[in-house]
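Undergrad: Residue 169 is where the sequence shown starts when you use our numbering, and the numbers rise one by one after that.
Simulated from the structure, these hints should not be mistaken for lab results.
Please note that a few of the clues may not be correct.
Said to hold, decoys possible - For lysine-lysine, the following DSSO-like pairs were computed, each having C-alpha atoms within a straight-line distance of at most 30 Å: (1) K421 - K464; (2) K238 - K186; (3) K422 - K464; (4) K233 - K186.
Owing to the predicted nature of the structure, the values given are computational and were not obtained by experimental measurement.
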Amino acid sequence: MSEMLNISSNPHIRDSKKSSDLMLLVLIALLPASVFGVWHFGMRALGIIVISVASCVLTEYIYEKLMHRKVTIFDFSAAVTGLLLALNLPVSVPWWLPIIGSVFAIIFVKQLFGGLGQNFMNPALAARCFLLISFTGRMTDFTYDGITGATPLAAMKAGESVNLVDLFVGNTAGTIGETSVIAILIGAAILLIFKVIDLRIPASYLITFAIFTLIFGGHGFDLQYLAAQLCGGGLMLGAFFMATDYVTSPITKKGQIVYGCVIGILTGIFRFFGSASEGVSYAIILSNLLVPLIEKVTPPTAFGKGGKKA
Numbered sequence: 169m170s171e172m173l174n175i176s177s178n179p180h181i182r183d184s185k186k187s188s189d190l191m192l193l194v195l196i197a198l199l200p201a202s203v204f205g206v207w208h209f210g211m212r213a214l215g216i217i218v219i220s221v222a223s224c225v226l227t228e229y230i231y232e233k234l235m236h237r238k239v240t241i242f243d244f245s246a247a248v249t250g251l252l253l254a255l256n257l258p259v260s261v262p263w264w265l266p267i268i269g270s271v272f273a274i275i276f277v278k279q280l281f282g283g284l285g286q287n288f289m290n291p292a293l294a295a296r297c298f299l300l301i302s303f304t305g306r307m308t309d310f311t312y313d314g315i316t317g318a319t320p321l322a323a324m325k326a327g328e329s330v331n332l333v334d335l336f337v338g339n340t341a342g343t344i345g346e347t348s349v350i351a352i353l354i355g356a357a358i359l360l361i362f363k364v365i366d367l368r369i370p371a372s373y374l375i376t377f378a379i380f381t382l383i384f385g386g387h388g389f390d391l392q393y394l395a396a397q398l399c400g401g402g403l404m405l406g407a408f409f410m411a412t413d414y415v416t417s418p419i420t421k422k423g424q425i426v427y428g429c430v431i432g433i434l435t436g437i438f439r440f441f442g443s444a445s446e447g448v449s450y451a452i453i454l455s456n457l458l459v460p461l462i463e464k465v466t467p468p469t470a471f472g473k474g475g476k477k478a
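Sequences are here, hints too, so could you generate the full structure?
TA: This is the structure we're talking about:
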């Protein structure tokens with residue numbers, strides 16, 4: 169009998185997967201978008217990716233050594249942050265920009281709040297927003313191979329038409345990892361197959377944004393315009409790889425749906441009523457701040473409660 173009454177600290181239900189296993193799967197899932205970005209934009213994109221990942225890992229290592237804390241670079245979370253940051257940067261940014269973004273993401277968003285599991289918003293997106301505010305010109309310069317081209321979202325905001333096939337394949341201007349919807353969906357399939365994420369947040373996000381677009385997008389029930397909005401910008405990358413971040417998204421099932429809906433609405437507001445053509449990054453980090461409130465109003469029903477009374 170005594171063997172059945174072992175007492176231990178929570179969590180009482182554990183999974184065999186470690187944080188490093190999950191982070192490694194995320195890195196693998198991001199490979200299709202990364203490879204396509206390098207193929208599409210050239211070796212400079214590979215340089216940006218290497219610098220960003222290395223900067224995040226090195227920053228975490230140095231900080232933890234200086235603070236006499238356990239070194240956690242082998243959980244691959246810093247590498248994931250670096251890769252996500254790189255995929256959210258234009259290929260034209262100077263070499264020092266991803267270094268600044270990496271230091272901001274790791275120290276000011278992650279480590280100062282306790283490290284992995286304690287950050288209050290997605291570190292990669294927080295760094296991207298910081299860089300957008302601080303270096304707007306460089307972060308919105310989508311020049312590559314000497315050619316400057318507007319992103320599909322900017323073109324649509326200016327009233328121009330875009331090629332849906334190019335959008336889906338990725339033959340467009342944009343950040344290193346957001347252009348190819350095919351590559352992103354391949355990575356998303358990997359996350360879903362290995363149950364790293366589920367569809368609650370991405371589905372509620374995309375459906376809410378689609379409804380918002382049909383109502384407030386200014387094009388009525390134009391499915392081509394809707395498809396272009398869904399495939400353009402960082403929507404797909406954000407929906408499957410950043411909005412689903414374990415630390416900064418709700419743990420309750422109802423909360424995850426509410427969270428996805430909030431991001432969808434905010435993205436629509438920023439895209440259609442804001443001055444910029446994109447709004448995914450700001451929508452996700454603002455929703456990150458609302459997660460404690462969302463979890464408070466969407467608690468699961470306690471076991472044995474909520475049944476119909478006779």
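Undergrad: Looking at the structure, which of the earlier hints fail to hold?
TA: Violated hints: none; all satisfied.
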